[in-house]
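**Student:** Using the hints, position chains F and X against chain S.
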Amino acid sequence: MKLALIFVIGVGMFVAMQRAAAQGSMTVQTSVQAGSAFSIQTSGSGEATLYVIGLGQVLKRSVQLGNPVYFEAGSLCDAGHYLVVLEQSSTVETKPLDVMAVSAPGRLSFLAKPSRLPVSVHEGITGAAYVFDSYGNLIVSPMSVSFQLSNSAGSVQKSDVTTHAGAAWIEMDSTGHQGIDQFVAQAGGISSTRVIRQVPGDPCALKMSAQQTGPKLELKTEPVVDCSGNPALDGTIVTFTETYDGGQSTADVPLKHGIAEVAMPAHHGATITVASGVVLGNQIREQ
Amino acid sequence: MKRGALLAFVLIAATVAFIVIGTVWPISTAVAFAGGERLLESSSTPEAAARNLGQEIRLKDWGKAYSSLANRSKFTEQEFVEDVTGYYPSLRTYSSLDHFEIRPLHASDSDADVEFTLDWSTVVGTLPDTRTVHVVRNGDHWEVDWPMQKKPVLPPQVIPVEYLRWDVINRGPGDDWGVQDVDGPNVRIVDMHPVQRAEGVVVLGELLNEDVLPAYVSVTATLHRKDQSAIGTESAFDRISHLLLPKQVTPFLIQFPNASLSEVSSIRMEPFSTLVSASADPVIEIDNEQLNPAPDAALTGQLINQSGQVVNVAHVLGTLYDKSGNLVWVVDQYVDRALLPQTPVSFKIPIPEDLAKKVSSQRTVVATYSFGGFL
Amino acid sequence: MDNTEPIDPLQRPIPVILCLMVAAVVHVPLLLMKLPLKSFDTNFHIFFASHYFHHWFDPWNTKCFAGFSQATYPPLSHQWVAAISPIFGFDYAYMVVQLASILLLVVGVYRFSLLWTNARAASLAAVASVFVGAESFLVYHAGQLATTSAAPIYLNALPFLYAWLRYGNGRAFVKGSLLFITAAAVHHATLIFGSVLFAAPVLALAFLDRTDGRRAATGKVLARAVAIGLLVGVAVAIVLLPYWIALIHYPITQTPIPHESRANYILSPEYGLTYFIVPWGALILALPFIFLHGSENVKLRPLLFGFWVAFLLGLGGTTPVGSILLGRAFKVLTMERFSYWATLLALPFVGILAAKLIRRFRLAAVAGLMVLATLTCALAVAWSSIEPPDPDNYSVDPVASWLNRDGHDQYRYFTLGFGNKISRLAMMTDASSVDGEWNSGRLLPELMQYSGAALTSSKYFGTGGLDALRAILKHADRYGLKWVFVRDHYYDALLSYAGWRPVDYLEDKTIVIWSKDGVPPAQPVNAPQRPPHWQGLMWGTLPFGSSILAILVLLLIPERRRQHAEAGLHVTPDQGVAARSLAS
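Protein chains in written order, with the numbering used here: chain S, 1 to 287; chain F, 1 to 375; chain X, 1 to 584.
In isolation and in its complexed conformation, chain S is listed as follows:
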């Protein structure tokens, strides 16, 4: 009787072990680096299907249980949280897998604003850099980004910023000199350059002179500059206004070669003013 019982128990255990072996299981690393080769070890016997499912990518393999499944380099490129699913005829086993971005930067997205601004504006320039690996995954681990703003006059502003959640940003001042500035962001040997155009500010100390030629009065500004001494750009409108007894004459004249000039009718006792935008210049009274 005892022998019979032992036999029955033994047979039952054997069948249970066989079934357990046939169900199989897998061993998955908790994380792998994007683009790297990796493997998933399976156990048991029989055939199954393995899925690696992520937001942007799905891999499918037919596997022989008991053998490892190899994924060659470049199989999984998109960083993120994946689900590994081993599906057999009657059971399904799932395990998580995190694909991490490569720690070395491969590309830098650099947004620089504005593309154009007046000189001497405090914190007028904004730069934001996003660091990506070579597969285009945002590197969220802290990393140092170096920002450098240099102008043609040789002045350089430089600052290192550590990324937060993959981004680093900075505000910088525009310099006192107009011209094309190079704005460079650099991280781990990768750099990206943007161009910031610093343009003259509002005209400063706008001055004109007048010379009578027959019935006409030739009005001419001195070279128009901003308060930092940068010549105003051609095309900037300068308004000449001549006020005389009961009347007024005006002309909106664009700067050419830094100077605005116009011939207006001469009126005895007229007052002539010059302005550009909201900036007023000198005043002349005609004798």
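Think of the hints as simulated: they come from the structure by calculation, not from any bench. Predicted, not measured: the structure shown is a model, and the values here were computed from it. By construction, the Cβ of each residue, glycine as well, lies at the ideal position given by its N, Cα and C atoms. Be careful, since some hints might not be right.
[To be verified] Far from chain F, some chain X residues (derived; all Cβ distances over 12 Å):
{"hint": "1", "residue": "Leu10"}
{"hint": "2", "residue": "Val96"}
{"hint": "3", "residue": "Tyr167"}
{"hint": "4", "residue": "Ala225"}
{"hint": "5", "residue": "Gly233"}
{"hint": "6", "residue": "Tyr250"}
{"hint": "7", "residue": "Val371"}
{"hint": "8", "residue": "Gln410"}
{"hint": "9", "residue": "Met427"}
{"hint": "10", "residue": "Leu473"}
{"hint": "11", "residue": "Ala493"}
{"hint": "12", "residue": "Gly540"}
{"hint": "13", "residue": "Pro558"}
[To be verified] Listed next, with one range per pair, are the computed distances between beta-carbon atoms:
{"hint": "14", "chain 1": "X", "residue 1": "Ile245", "chain 2": "F", "residue 2": "Phe9", "range": "54 to 60 Å"}
{"hint": "15", "chain 1": "F", "residue 1": "Pro293", "chain 2": "X", "residue 2": "Ile245", "range": "57 to 63 Å"}
{"hint": "16", "chain 1": "X", "residue 1": "Met370", "chain 2": "F", "residue 2": "Ile21", "range": "35 to 41 Å"}
{"hint": "17", "chain 1": "S", "residue 1": "Gly246", "chain 2": "X", "residue 2": "Asp392", "range": "51 to 57 Å"}
{"hint": "18", "chain 1": "X", "residue 1": "Leu231", "chain 2": "F", "residue 2": "Asn258", "range": "47 to 53 Å"}
{"hint": "19", "chain 1": "F", "residue 1": "Glu101", "chain 2": "X", "residue 2": "Val28", "range": "55 to 61 Å"}
{"hint": "20", "chain 1": "X", "residue 1": "His54", "chain 2": "F", "residue 2": "Thr76", "range": "58 to 64 Å"}
{"hint": "21", "chain 1": "X", "residue 1": "Gly407", "chain 2": "S", "residue 2": "Lys60", "range": "33 to 39 Å"}
{"hint": "22", "chain 1": "X", "residue 1": "Ile87", "chain 2": "F", "residue 2": "Gln228", "range": "53 to 59 Å"}
{"hint": "23", "chain 1": "F", "residue 1": "Ser277", "chain 2": "X", "residue 2": "Met33", "range": "54 to 60 Å"}
{"hint": "24", "chain 1": "S", "residue 1": "Val195", "chain 2": "X", "residue 2": "Gly407", "range": "52 to 58 Å"}
{"hint": "25", "chain 1": "F", "residue 1": "His224", "chain 2": "S", "residue 2": "Val195", "range": "36 to 42 Å"}
{"hint": "26", "chain 1": "S", "residue 1": "Gly246", "chain 2": "F", "residue 2": "Arg188", "range": "31 to 37 Å"}
**Tutor:** Just chains F and X now, with coordinates in the frame of chain S:
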């Protein structure tokens, strides 16, 4: 006469009668197609002669109009046509006479003066042209002595031109995200002032291009009630200079017909600007600007084209301020004559009578357009 | 009325089948050449048809006026074009429907004339209908498919009306009613005005004839008239219910638009040429006879009065009659349709005159009449080339393909200087326009409050047209209006000062595309005016169904020999075959 023949006679007679009535006293639609508010009549009075001339101009019957003039021997028909329609392409060239009015000024047995107001329908609106014409008696009828305006003749000359122009190359659609584009121009509303008028709410203001590049600009305003619901959204349309060169200022006027300022709790202003290709020329000088008081309050002056190219259409925008420098109103007018180099062209922009007393100073800008200046 | 057969071939009626062949010989080549495509309205009708092809049960069309209801225009002719377009394509489908109308007119004129005269004169009237100037003018110059389709159906209904009124013939009642309903589904105005100009003379004739042969009491005739009037009225109200609902909810309150047909043709002879000389042609020579003969013959007097009223209305602003009789409708309707109806009412007289002339002058009269008829028809056909509605021959294909690419169709557009090609363009593009040709369908206040028609031709409507143009440009943002295609540089200054910029060229720089910056993409507008789904089902079912039913009834319920006579078909041996074949 048989009854049948009588019926035929009655029907035919009635038909003829209807046609005669319809022709002698035409209905309004027929008159409109025939070319006038009234049909041609005998030039037995000075007014009738002027009215007939107006009808002929309206119908563009130049031959008839020319041959009806008393002083036709002094100029050719072509010169007469050019005097009316413009020597150079302009708004007037492409306009039609919408209607006209005759106002007798003085009359004697042999001559008379009448004020001839011609309202030209142009693509930008109706533009009036007022001329005082002399009418003389010639036998049993009257003829108009047409006041020819001298054709401007320019002395041969060379006007040196330094073309200053901006061109814009925008980023292509295939460029990656993050690749830098050129920012739009910085513009700023430097003044804004809502007023209640009989026709509704009007929002006035001035817009400055603060940038160093030319800007295409427009301004949109939305009126809100206290509960923040929108009363309406309107834009400045053509009461603004849409092209602003660096540091240039334009007035704007936005109309909200049938709206009431008492309903308005807040106004949202949305200036819009974008980079456009532009030229700094031509330069238009505004000479002899004057604020004429009421009655007949108006802003007058002369436009002088300082450049060497012909400007076909000019739009004058006047910003009116009170003694404190506050914005009172914005007036505008299209000039229906081409601006030739160095040739003054007058303008007269009426100012609303009720506002004229408040106006102390003004600022005038000119927007120009030349035919064929595309892309 | 003579039922005997003359031996002389110049005295015998012309078989109707021969009349139809003449019509085919004259008009088939012209239609194969697609000549109507040059006309004012043909592209507009094809545009409507194309909408029904794609959205049979939804009359809401978003391609024009930023959205409008096609239930504002009776749909039947357009639905027939749409129905056969898979076989012929839209252009030829239009031509087929137009040809069917022309052939139906021949039959209709013959049957209508038989009410007033003998078979000989009626057959000559049928031949004359092929050459009548007003028909060719409307087909090839005006492109009025609905008018030229409704009138023949109406004419074919009138003999049934007579048979019902005079004899109480039940079959005639059914057939006449169905044809009236079908005519209304093609063109409601034809039914409304036809009731006065065509049906009233037939009613009067039935009263005059009530004592001839089978006597009928006046009360009976009147009762029958009321019965058919009520039935047709109720049926038309149901079949065109979405139209009436649209009319009641959104009455035509827009400012009247000028039309040259309302001019005085003496004070404006150029319009007299177009709207009197061309449509009437040699029929002008017959006017004295019409008045004299119509007055002398008591039974023809109702027809004469109908003709006279239509004739006076067709003179537009030449007389004050139109303005007095029609009131505000005078400023909404175009008058050339009255001339068309007047010429149809004149045809029985023309048949009588032709018969008399041929009897008297034999072959010389035949030759003379043929020459006059040919010249009349030729002038009307040629008028579309002499005074073309759209003189410029160019293709709108590049504009359509520009709109259909790169997301340009997210915004609305309109054209300037495109004439009557805007419907063709609307048919070809996916984009929505704020402009269109069907003025009564307009719902945008900017378009309705000024006396301008299509924006594309603004300058031709003077201050009213330009005011409408400025109003719509002012509200470009509201309608997502971003593109203006310009073929006429007259408008350049306005666009420039209103803040628009040229951004592209097409067709060797003859078309400039202007754009406005900062305009948001187009959103649906006029949503409350959109007919509900049940109306769309009615619109797609009842009008077309009524025409199918009319065809089935005409085919399946044959006329009895006596009914032919009652219906005005006075059967003679040589025409019996034709009459039977046409009636069956």
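**Student:** Grab the minimum beta-carbon distance between Met427/X and chain F and tell me whether it stays above 12 Å.
**Tutor:** holds (29 Å)
**Student:** Range hint 58 to 64 Å: satisfied by the CB atoms of His54/X and Thr76/F?
**Tutor:** Since His54/X and Thr76/F have Cβ atoms about 60 Å apart, the given range 58 to 64 Å holds.
**Student:** Against chain F, does Ala493/X keep a CB gap of more than 12 Å to every residue?
**Tutor:** violated (5 Å)
**Student:** Gly246/S and Asp392/X, beta-carbon distance inside 51 to 57 Å?
**Tutor:** holds (54 Å)
**Student:** Ile245/X and Phe9/F, beta-carbon distance inside 54 to 60 Å?
**Tutor:** violated (49 Å)
**Student:** Does the claim that Pro558/X lies off the interface hold, with its Cβ farther than 12 Å from every Cβ of chain F?
**Tutor:** Fine: 40 Å to the nearest Cβ keeps Pro558/X off the interface.
**Student:** Hint says 31 to 37 Å; check whether the CB-CB distance for Gly246/S and Arg188/F agrees.
**Tutor:** 33 Å Cβ-Cβ, so the 31 to 37 Å window holds.
**Student:** Checking the smallest CB distance to chain F, is Leu10/X really beyond 12 Å?
**Tutor:** For Leu10/X, whose nearest Cβ neighbour in chain F is about 28 Å away, the distance exceeds 12 Å, so it holds.
**Student:** Is it true that the C-beta distance of Val195/S to Gly407/X lies inside 52 to 58 Å, as the hint says?
**Tutor:** violated (30 Å)
**Student:** Quick one: work out the minimum CB distance from Val96/X to chain F and report holds if it exceeds 12 Å, violated otherwise.
**Tutor:** holds (37 Å)
**Student:** Once the closest CB in chain F is found, is it more than 12 Å from Ala225/X?
**Tutor:** Fine: 25 Å to the nearest Cβ keeps Ala225/X off the interface.
**Student:** Can you let me know if the beta-carbon spacing of Pro293/F and Ile245/X is within 57 to 63 Å?
**Tutor:** For Pro293/F and Ile245/X the Cβ distance comes to about 59 Å; the hint holds.
Consistency note: the structure conflicts with the earlier hints numbered 10, 11, 14, 23, 24.
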